[in-house]
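For the sequence shown, UniProt numbering assigns the number 1 to the initial residue and increments by one for each residue that follows.
Any given hint could be a false lead.
Simulated crosslink set (DSSO-like; lysine-lysine; CA at most 30 Å straight-line) [stated by the list, open to error]:
| hint | residue 1 | residue 2 |
| --- | --- | --- |
| 1 | Lys418 | Lys606 |
| 2 | Lys172 | Lys93 |
| 3 | Lys259 | Lys248 |
Calculated from the structure, these hints are not laboratory results.
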Amino acid sequence: MKQLRFLCLFIFVHANASGQIVKQDTAQVIQLIEAARDKQQQGLTDAAEKDFRRAGRLAQELKFDRGLLMYAGHYCVFLYSQIRYEEAMTMAKLQLEVSERMGDKQRMGYAYNNISLQHQAHGKLQQAAESLMKALEISSEIESPTARDLSDRRKYYNNLSSLLLDMNDLKKGKEYAVKALEIAEQLQDTLAIGWSLINLLVAEAMAGELADAEKHGLQLLAVGQSLGDTEMELKAYNNLGDIYRMQKRYPLALETFKKAQRLLAKAPPGNEVYILMGISSVYNGMKQYGQANTHFDRARMLAERELAKPQLIELYLSGAEIKEAMGNYKEALALRKQYEQINDSLRNQETHNAIQELEVKYQTSEKEKALAERDLQISKQRGELERKNKWVILSVSLIVLLVLLLVFNRLINQQKRKNEITEQANRLLEAQLRGEEKERARTARELHDGVASILSAAKLHINAKSKGDTETDILVGQLIETAVQEIRNLSHNLAPERVLNDGFEQAVQEFCRRVNHPGLQLECYVVGKLPKLDKDAELLLYRTIQEAVTNIVKHADATEAIVQLVGDGPRLSITIEDNGRGFEPGASKGAGLGLENLASRIQLLKGSHEVHSAPGKGTFIYIEIETATVMQLVSTGLETHFSG
Numbered sequence: 001m002k003q004l005r006f007l008c009l010f011i012f013v014h015a016n017a018s019g020q021i022v023k024q025d026t027a028q029v030i031q032l033i034e035a036a037r038d039k040q041q042q043g044l045t046d047a048a049e050k051d052f053r054r055a056g057r058l059a060q061e062l063k064f065d066r067g068l069l070m071y072a073g074h075y076c077v078f079l080y081s082q083i084r085y086e087e088a089m090t091m092a093k094l095q096l097e098v099s100e101r102m103g104d105k106q107r108m109g110y111a112y113n114n115i116s117l118q119h120q121a122h123g124k125l126q127q128a129a130e131s132l133m134k135a136l137e138i139s140s141e142i143e144s145p146t147a148r149d150l151s152d153r154r155k156y157y158n159n160l161s162s163l164l165l166d167m168n169d170l171k172k173g174k175e176y177a178v179k180a181l182e183i184a185e186q187l188q189d190t191l192a193i194g195w196s197l198i199n200l201l202v203a204e205a206m207a208g209e210l211a212d213a214e215k216h217g218l219q220l221l222a223v224g225q226s227l228g229d230t231e232m233e234l235k236a237y238n239n240l241g242d243i244y245r246m247q248k249r250y251p252l253a254l255e256t257f258k259k260a261q262r263l264l265a266k267a268p269p270g271n272e273v274y275i276l277m278g279i280s281s282v283y284n285g286m287k288q289y290g291q292a293n294t295h296f297d298r299a300r301m302l303a304e305r306e307l308a309k310p311q312l313i314e315l316y317l318s319g320a321e322i323k324e325a326m327g328n329y330k331e332a333l334a335l336r337k338q339y340e341q342i343n344d345s346l347r348n349q350e351t352h353n354a355i356q357e358l359e360v361k362y363q364t365s366e367k368e369k370a371l372a373e374r375d376l377q378i379s380k381q382r383g384e385l386e387r388k389n390k391w392v393i394l395s396v397s398l399i400v401l402l403v404l405l406l407v408f409n410r411l412i413n414q415q416k417r418k419n420e421i422t423e424q425a426n427r428l429l430e431a432q433l434r435g436e437e438k439e440r441a442r443t444a445r446e447l448h449d450g451v452a453s454i455l456s457a458a459k460l461h462i463n464a465k466s467k468g469d470t471e472t473d474i475l476v477g478q479l480i481e482t483a484v485q486e487i488r489n490l491s492h493n494l495a496p497e498r499v500l501n502d503g504f505e506q507a508v509q510e511f512c513r514r515v516n517h518p519g520l521q522l523e524c525y526v527v528g529k530l531p532k533l534d535k536d537a538e539l540l541l542y543r544t545i546q547e548a549v550t551n552i553v554k555h556a557d558a559t560e561a562i563v564q565l566v567g568d569g570p571r572l573s574i575t576i577e578d579n580g581r582g583f584e585p586g587a588s589k590g591a592g593l594g595l596e597n598l599a600s601r602i603q604l605l606k607g608s609h610e611v612h613s614a615p616g617k618g619t620f621i622y623i624e625i626e627t628a629t630v631m632q633l634v635s636t637g638l639e640t641h642f643s644g
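Generate coordinates for the entire structure from the input sequences, incorporating the hints supplied.
Shown next, in the form of structure tokens:
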């Protein structure tokens with residue numbers, strides 16, 4: 001029994017130890033992969049490849065699928081960067097096989113994406129599109145994508161953009177480049193933004209949108225420099241150089257390509273050929289065909305072993321042009337045939353239609369999925385909304401009612417305050433006018449009863465003393481008579497008895513007659529039947545006319561003036577016009593004060609008025625009163641009756 005217990009304990013310990021060994025070995029697989037990636041970034045390609053292969057062998061020995069999947073994916077990317085497309089395809093297929101076995105859909109998407117890249121490199125664009133669409137379908141099935149899922153989708157959009165640009169479908173290529181850039185910006189992933197900018201600026205350059213392409217090229221360069229990413233910097237310089245060439249800024253283009261050359265030592269293979277192609281194209285544009293041919297031949301040697309088929313198209317076309325310009329028609333023809341062969345195989349209508357059909361199917365499935373998800377969400381929400389609807393409506397109604405009551409109450413209070421301010425201003429104005437009328441009446445009585453009576457008595461004494469009527473006595477009597485008349489005119493102007501006793505129309509006509517003299521021809525016209533107004537309103541209008549005419553006499557230097565009263569049913573209009581020197585409205589303090597008084601009086605009567613004047617062009621005043629809305633002023637209580 002003890003032996004059995006010992007045996008069981010031994011088996012358990014042995015099994016536990018084996019588990020620890022396996023765990024340590026699987027960890028070593030991951031460590032080897034990470035070490036290989038670090039060496040790859042440092043440019044130690046041989047050392048990186050050794051670590052990748054050791055990790056792959058160990059993962060297969062341990063049957064460690066997770067490690068094998070990581071190995072296949074990262075080693076595929078490494079081989080692709082080394083332009084070893086056949087080997088990269090083998091790793092991509094292994095990645096797909098293991099991910100399907102594990103049921104890891106996310107990594108199945110990675111595998112399809114890697115397979116697509118290898119097909120594209122071999123010029124098999126339709127097969128590339130089919131694999132890439134499978135990756136996108138897997139990505140679109142994720143209901144709540146994480147940041148990692150969105151990052152994957154961005155890569156697929158970016159690769160689809162590249163594929164469409166190889167097909168010369170600039171519109172769709174740009175559309176997917178923009179989608180990729182939008183996701184990168186949403187994720188705030190600077191590195192992803194940089195890689196997404198490449199296809200966007202290429203699409204813009206191919207479409208002739210060179211200003212936008214240059215802007216995005218400079219943005220790409222700034223991102224590469226900020227991250228210290230040599231490959232990104234190099235791609236920025238290459239694209240900018242080509243953009244400057246297309247803009248015919250040849251010296252700047254050459255300088256930019258030379259900047260790219262200085263980075264080659266730190267960059268992976270496959271970049272020098274683009275620089276040589278770019279420099280060759282610049283010299284071709286400058287018609288320096290010897291230099292162009294030298295760089296083309298060097299580029300061609302590298303391109304045919306380093307570049308994928310789609311990238312050879314422009315090289316062969318540019319080479320044909322250079323050879324033709326140099327008179328080497330045989331080579332030019334051969335290059336032209338190579339160009340046509342690749343161009344026809346890549347960009348034939350059948351392939352283009354097939355890719356378009358795949359893209360349309362994907363877009364349709366995306367829309368259908370979005371609609372289905374929306375309908376499901378709407379269905380779920382409808383029940384919840386129906387339960388909450390009554391309470392929401394009731395709550396909103398109460399809030400709206402409360403807000404309306406508050407707003408209405410606020411508006412009423414504001415209007416009350418405005419009315420109170422207006423009424424207070426009107427009361428002050430009425431009190432001021434009442435005070436003025438009382439003072440005028442008192443002054444008029446004193447002049448009439450006091451000074452005028454004394455002068456009249458003086459005249460009687462002079463006449464009674466000397467019956468001889470000497471010239472002196474006659475002159476003194478005339479002067480006294482003139483003074484008496486002037487005082488009476490003044491007292492009549494000050495006192496309101498004519499308006500209150502004789503009526504508004506007669507008072508205005510009599511006033512105009514008294515003002516009229518040889519230096520100022522003042523005419524008064526009455527048209528139609530004037531409406532009947534309250535005595536206080538008539539007095540207010542009389543004072544307004546009186547002040548306006550007095551201003552003409554004192555300030556206008558006018559020779560002619562008119563006062564016109566027009567009755568039109570319940571409407572009374574008054575026009576006062578002169579041919580004097582006029583004034584600039586707002587420039588004269590005196591005129592401004594007079595106009596303020598006029599406006600205040602008309603406001604009390606709830607009428608309207610206009611004043612038009614200009615230097616040298618006289619003054620025109622128009623007043624209009626509606627008798628139905630005339631304010632009924634409080635009686636002034638003036639003592640207006642006195643003997644003349």
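Hints, one by one, checked against the model:
1. Lys418 to Lys606: holds, 16 Å
2. Lys172 to Lys93: holds, 28 Å
3. Lys259 to Lys248: holds, 18 Å
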